[in-house]
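S.K.: Residues per chain are reported as follows:
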Amino acid sequence: MLDTLILSRIQFATNISFHILFPTISIALAWIIVFFKLRYDQTNNPVWMRAYRFWVKVFALTFALGVVSGITMSFQFGTNWPGYMAQVGNIAGPLLGYEVLTAFFLEATFLGIMLFGIKRVPSKVHTFSAFVVAVGTTLSAFWIIALNSWMQTPAGFEMRDGIAYPESWMDIIFNASFPYRLTHMLLASGLTTAFFVAGISAYRILKGDPKRAPRLALKTGLILAAVFIPVQMFVGDLHGQNTLEHQPQKIAAMEGAWKTENGAPLVLFAIPDGKEKTNHFEIAIPKMASLILTHDLHGEVKGIEEFPGDHPPVAPVFFAFRIMVGMGLLMLVVAWGSCYLLLRRKSLPRWALKTLVAMTFSGWVATLAGWYVTEIGRQPWLVTGVLKTADAVTQIPPAHVGLSLTLYLIVYAILLFAYIHTLKVMALKSVKVEEFETAEPLAGGSLTNLPDSTQKHPGGDSQ
Amino acid sequence: MSESASAATYWLPVIFIGLMGLAVFIYAVLDGYDLGVGILLPLGEQEEQQRDLMIASIGPFWDANETWLVLAIGLLLIAFPIAYNQVLMHLYLPAAIMLIGLIMRGVAFDFRTKAAVNHKLAWDRTFKAGSLTTSLAQGYMLGLYVMGFRPGWEAQFFSALSALGVTAAYSYMGSAWLILKAESDLQKRATRWARRAGRATLVGVIAVSAINPLVNPSVFDRWFTYPLVMFVLLVPTLCFLAFIFNDFLLARIPKTNDRHSALPFATVVLIFLMCFIGLAFSFYPDIVPGEINIWQAASANASLQFILVGAVIVIPIILVYTVFSYRVFRGKATDLRYH
Chain A
1 MLDTLILSRI QFATNISFHI LFPTISIALA WIIVFFKLRY DQTNNPVWMR
51 AYRFWVKVFA LTFALGVVSG ITMSFQFGTN WPGYMAQVGN IAGPLLGYEV
101 LTAFFLEATF LGIMLFGIKR VPSKVHTFSA FVVAVGTTLS AFWIIALNSW
151 MQTPAGFEMR DGIAYPESWM DIIFNASFPY RLTHMLLASG LTTAFFVAGI
201 SAYRILKGDP KRAPRLALKT GLILAAVFIP VQMFVGDLHG QNTLEHQPQK
251 IAAMEGAWKT ENGAPLVLFA IPDGKEKTNH FEIAIPKMAS LILTHDLHGE
301 VKGIEEFPGD HPPVAPVFFA FRIMVGMGLL MLVVAWGSCY LLLRRKSLPR
351 WALKTLVAMT FSGWVATLAG WYVTEIGRQP WLVTGVLKTA DAVTQIPPAH
401 VGLSLTLYLI VYAILLFAYI HTLKVMALKS VKVEEFETAE PLAGGSLTNL
451 PDSTQKHPGG DSQ
Chain B
464 MSESASAATY WLPVIFIGLM GLAVFIYAVL DGYDLGVGIL LPLGEQEEQQ
514 RDLMIASIGP FWDANETWLV LAIGLLLIAF PIAYNQVLMH LYLPAAIMLI
564 GLIMRGVAFD FRTKAAVNHK LAWDRTFKAG SLTTSLAQGY MLGLYVMGFR
614 PGWEAQFFSA LSALGVTAAY SYMGSAWLIL KAESDLQKRA TRWARRAGRA
664 TLVGVIAVSA INPLVNPSVF DRWFTYPLVM FVLLVPTLCF LAFIFNDFLL
714 ARIPKTNDRH SALPFATVVL IFLMCFIGLA FSFYPDIVPG EINIWQAASA
764 NASLQFILVG AVIVIPIILV YTVFSYRVFR GKATDLRYH
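Heads up: the protein sequence lines correspond to chains A and B, in order. Read in our numbering, the first sequence has 285 at position 285, and its numbers run on one by one without any break. Start counting at 1 in the second sequence, then tack on 463, and there's your number in our numbering.
Only part of the chain B face toward chain A is listed, based on derived beta-carbon distances under 8 Å: (1) 530; (2) 533; (3) 552; (4) 558; (5) 559; (6) 577; (7) 578; (8) 765; (9) 784; (10) 785; (11) 788.
These are calculated hints, taken from the structure and not from any lab test. None of these values were measured; they are calculated from a predicted model. Glycine included, C-beta positions come from ideal geometry on N, C-alpha and C.
Could you build all of it, start to finish, from the sequences and the hints given here?
M.R.: Structure follows, in structure tokens:
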């Protein structure tokens with residue numbers, strides 16, 4: 001029988017994994033939409049408007065899934081992890097509070113205007129609303145990453161009677177791992193969205209969409225991907241160095257390094273064995289790990305043996321890290337290859353389009369794998385050195401947690417299927433939509449009389 | 464402890480319970496109307512146009528409305544972490560069910576227009592079911608809270624009653640919103656819904672108000688202490704008069720030129736306010752009734768001061784742009800379109 005701790009951990013992982021899928025897309029997609037709208041405002045070329053219209057619908061759907069799965073998160077801490085709020089609530093509370101106050105309301109309110117207000121406000125105000133939504137999504141990432149980073153590398157507080165009290169909010173927010181993690185995550189969002197936009201646009205083109213809008217979006221996505229991926233690799237390396245300094249046991253698990261070595265090898269593949277504390281079927285490049293991590297062939301890489309009883313489980317961290325890096329390399333090849341083809345031939349061959357369709361959700365895989373590395377890599381701590389995960393869990397009977405977990409799993413499975421299916425339906429629908437949809441909307445589309453609709457439809461009652 | 468520090472220790476929790484009360488009240492009004500619209504959604508084959516319009520009337524707002532719930536729960540978490548833990552531990556299952564209801568209705572809203580056309584009705588059903596689940600769960604949790612989380616069938620019965628009462632109240636709010644935002648047939652229909660929901664809500668409010676002081680002696684003492692009783696009884700009196708007034712008003716709506724179509728909504732807001740004041744008066748300063756008061760549950764002063772600075776600056780701004788958004792979408796609801 002599973003106990004409350006493991007069930008709560010699975011439930012939290014389920015909720016946050018499902019949740020992060022959608023903000024990862026909406027953070028960067030919001031900016032891409034602002035870009036489309038700005039280009040339309042500048043050029044007055046209807047093709048930008050068409051690109052905007054399609055993607056704003058995708059954004060609305062993605063955002064809604066992010067909002068509702070995010071509400072769940074705000075209850076999770078209390079329902080399953082009461083020890084968390086009791087011990088570090090003085091720190092976590094205000095950071096979450098600022099996220100709600102400065103980001104959530106901004107996004108949600110201006111989203112209404114952005115989605116449905118285009119005819120009700122001047123174009124500039126509408127573009128501004130889209131901009132504010134984008135600012136909101138990014139601010140939201142800022143606060144939540146600040147909190148997560150504080151849990152990884154806590155600073156700026158003091159403990160009194162087992163409870164954390166804030167000392168310096170600047171130190172708390174701008175803690176050691178924060179700038180790296182924030183940059184890494186924003187770039188992850190950029191990459192995920194770039195492949196998402198490119199993949200769906202490629203799908204539309206494959207399905208015979210002759211319009212310019214999907215080609216424009218495809219190009220936008222590919223250029224973004226090609227630019228972001230090397231930057232991401234660079235930032236990822238910096239993030240790794242930072243982790244080596246502050247959480248060496250996480251790096252040891254990522255590298256599958258059981259023993260401390262000077263000139264440690266880079267393990268490409270292995271099956272880590274937690275009982276025997278060794279790797280099976282190891283394939284490694286000598287001295288490479290030291291070179292990458294310490295930028296010195298003979299640098300010291302600390303192994304798991306240095307942290308008895310205070311290290312994460314090796315296998316999941318080890319594999320998740322390889323999935324993330326592998327996906328990153330694949331992204332590099334696909335993004336640069338596609339850009340090269342686009343430059344040479346002006347349009348992509350079918351096999352390249354199919355590859356991009358296959359890569360539509362590659363960013364999700366890489367992002368989730370990356371988060372598993374950093375979150376599992378923090379174990380057994382919930383807040384490094386301050387609070388252990390096992391000490392924060394609720395007293396609720398396992399049956400209750402099991403029931404709620406089952407409900408969430410069913411709902412999330414249905415929603416994920418519905419989301420992907422609906423994206424497909426939307427893409428197919430847009431293939432059939434006339435090129436001229438930028439003309440006046442059909443009369444009779446409006447059910448009632450409104451100031452702006454009365455101008456368009458003289459048949460309506462006047463105000 | 465210096466004098467100013469002890470003053471802060473006294474006042475900060477008071478300020479935060481006030482802010483939290485404000486957030487809960489705004490949430491109940493705003494999400495109240497959009498949950499209500501969801502509960503009332505007719506599911507007949509022929510009623511698709513009405514459904515579209517009803518959902519269009521809440522389209523630009525529902526996201527922001529639900530954010531008030533996140534703020535309310537967030538303020539509880541920030542300012543009173545111990546109470547947050549206690550309350551959510553007691554409400555584990557109903558909270559999980561409410562969250563699933565919220566998820567279902569939130570996504571149904573977007574899927575209904577974007578999924579394949581033949582799935583639209585299924586998503587409308589989901590929207591209605593999700594709204595109903597959310598309302599029932601919230602009412603049930605309110606009931607458990609008022610009963611101080613005590614076990615036993617009496618508490619269960621009271622909570623079930625409260626679940627129905629809150630659902631009726633949200634329907635009342637939703638139908639009043641539709642009277643404001645709809646025209647012709649739908650407006651007439653909403654008026655009929657409002658009269659029925661209003662009467663059901665009145666029964667619910669009376670039942671809850673009668674049972675609450677009977678089972679909570681401290682609540683009884685608080686309300687029926689002379690001479691305060693003369694003053695505080697204004698609250699239920701006003702509430703009752705508002706119900707009667709609205710019932711008469713609804714019998715005359717729609718009026719020519721759509722006069723007074725906002726009045727039922729305003730009256731329901733007044734009723735919500737009175738009920739809210741009544742509940743707050745019953746329990747303040749306890750945050751978990753009979754167990755923990757706001758000073759025992761409060762976080763560190765430094766944390767509260769840090770967030771208060773932000774709240775004082777940001778909440779007025781939120782209110783300003785919320786009003787701006789309602790002004791942009793003022794007038795009767797039209798078909799939702801992205802362009």
